[in-house]
Structure formats: C-alpha cells, structure tokens
Amino acid sequence: MSLRHIKQLSKALILTHIGPKPLATPKRSNIVLKSGKTFPYFRDLVTRSSLQESDILNRFKDVTELENAPEDVKRICSIGMASGVEIKKHRIEEMSNRLEQLFGKDCHREQMIGKLTVEIRSLIAHCLQFRSDKRSKSILVEKIQKRKKYMKFLRREDYERFEWLLDELKIKYIPPPAYYKFVSKRQKRKIEVKDAAYAVRQSKIDALKKKLEAEKEAFMQEKEEILAEIQKEAEKYELDPELFKQSLIREREKSKRYVLAKDLRTADVEYE
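First residue of the sequence shown? That's 12 in this note's numbering, and the numbers climb one at a time after it.
No lab work stands behind these hints, which were simulated from the structure alone.
Owing to the predicted nature of the structure, the values given are computational and were not obtained by experimental measurement.
Yeah, the Cβ is synthetic: ideal placement off N, Cα and C, and Gly gets one too.
Take these hints with a grain of salt, some might be off.
Across the chosen pairs, the derived CB separations fall in these ranges [stated by the list, open to error]:
(1) Ser266 x Ala189: 51 to 57 Å
(2) Thr58 x Arg86: 26 to 32 Å
(3) Lys227 x Val194: 42 to 48 Å
(4) Lys205 x Lys256: 46 to 52 Å
(5) Arg212 x Ser258: 40 to 46 Å
(6) Glu228 x Thr58: 46 to 52 Å
(7) Ser258 x Lys205: 50 to 56 Å
(8) Ala208 x Thr58: 34 to 40 Å
(9) Ile87 x Ile150: 27 to 33 Å
(10) Lys181 x Phe230: 50 to 56 Å
(11) Gln232 x Ala189: 52 to 58 Å
(12) Val211 x Glu168: 45 to 51 Å
Using the sequences and the hints given, assemble the complete structure.
Rendered as structure tokens:
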C-alpha cells in the first residue's frame, strides 16, 4: 500500500470517528452599538417623530378628487397603507417643504442636512431594533459624518442660518478639538476615580458649610445676648464702652506681636 493510500485512509477514519473540522468563527466588526437608546456620536436631541396613519401621502395631496373619494380610496392613499420606502420619501418631502418655507428655495445645503437628518433618525430606530445589522451601522456612521461635514461648511458660510437650522432640527453640533490626545483605559479610570473623589470632597464641604451656617446663627444670637448684658452692666456702673474696645484692640495686637516673635525665633533655630 502506497503512502498516498495510507493518508487517504487515515483521513477517512478521522472524518468518520471525530467529524469534520469546525468552521472558523467570523471576525466581528468594530462598530458596536452601545446599550441604551443613543450612540456616543449621535447628536440629535429628539428622536424620529411618529406619523398619523390617516394622513395622506405627499404625492397624493395635490389630487383634488380625493376630497370626494370614498373612504377605501383615501385609506389606500394614506400613510397606514404605504410601504417603508414611501414613508421615508414622505418624511423627506415634509422636511424639504418645511426648510423651504424657513430658508427659501435656494437652501440647497440646508435641504441636504435635513434629508440626512431624516435618514439618520430612521437608521437609528432600525439599528436599535436589529443590533446585529453591521451594514446599517456602518451606513449610519457614514451619514452622520457626512451631515457633520455639511454643517461645518454651513457654519463657515453663515453662522446665523447655522444656529437657526440647529434650533429647527434639534441638533447639537460639537466642533472637533484643536488637538487630539489619546486617552487609554487606565487614564480614563484614573479620571473617573478623581472625579468621584472630588464629588465626595465637595459633598463633605457642602455639609460642613450647612453645619457652620447653623452654628453661626446660634453664635450670633448668643453674641447679641452677651453684648446686651455688657451694655446693661456698663450703663449700671457708668462705664465708657470705648475703653473696653480699645483694651481689646491692644490685647489683639499684643497677641499678634507675640505670635510673630515666636515664629521668628523658631525660624532662627531651624536656620542654625
């Protein structure tokens, strides 16, 4: 028996007793959808608005015969009977008409940003429902970056229209940083620990301030009572209160000079 026949026989025995070699698992994409309702790069302040199923599609609004048409015909031309592509087109046309009323007919860049906003919000809802759809996630990232580029151009050309558009579309624009610095996981953990420590420290400081304010009120009340008693004693024995004030000032200055001289003596001893 030749060597080739021996190899074939051993391979057949392995397949019959052990089974075929398992297929390699495909590599996962780096685009990961975070748990929750938003993406870390998602700058829309509102989600996709819901539509009334009884509303007529935009392409049938110019048809005057629909006013006197039966209910079945109106229902066929409504949003409730439309497909996903038709609903998406209806949303884009609604956004286009709205922006045209606000900015005029020559608002090409605003129209592009509005169209991308409608597509982004539709893809967000799809990606949250189907989390394993990597292709839609990559398309979503591309559209977000494309919208950001158009917003950057509009910001350079006309800042007032740019702010107006952000307010109308409910979008938050964050410009890129001037300098990019990579932050490792260890540095992020350090920053989080520092922030937590500062928060605990600030909470303790606030609690101490409240405690001191409460003690201050009691102290001021007690001080007023003691001063009133001193005033009564001074009036009783016909004493001048200014003499007491001057003596207190002299005592304070004397104590300050004593502390200063003590500090100087300790400094001389350390220097020697």
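If any of the earlier hints don't hold here, list their numbers in rising order. No hint contradicted; all consistent.
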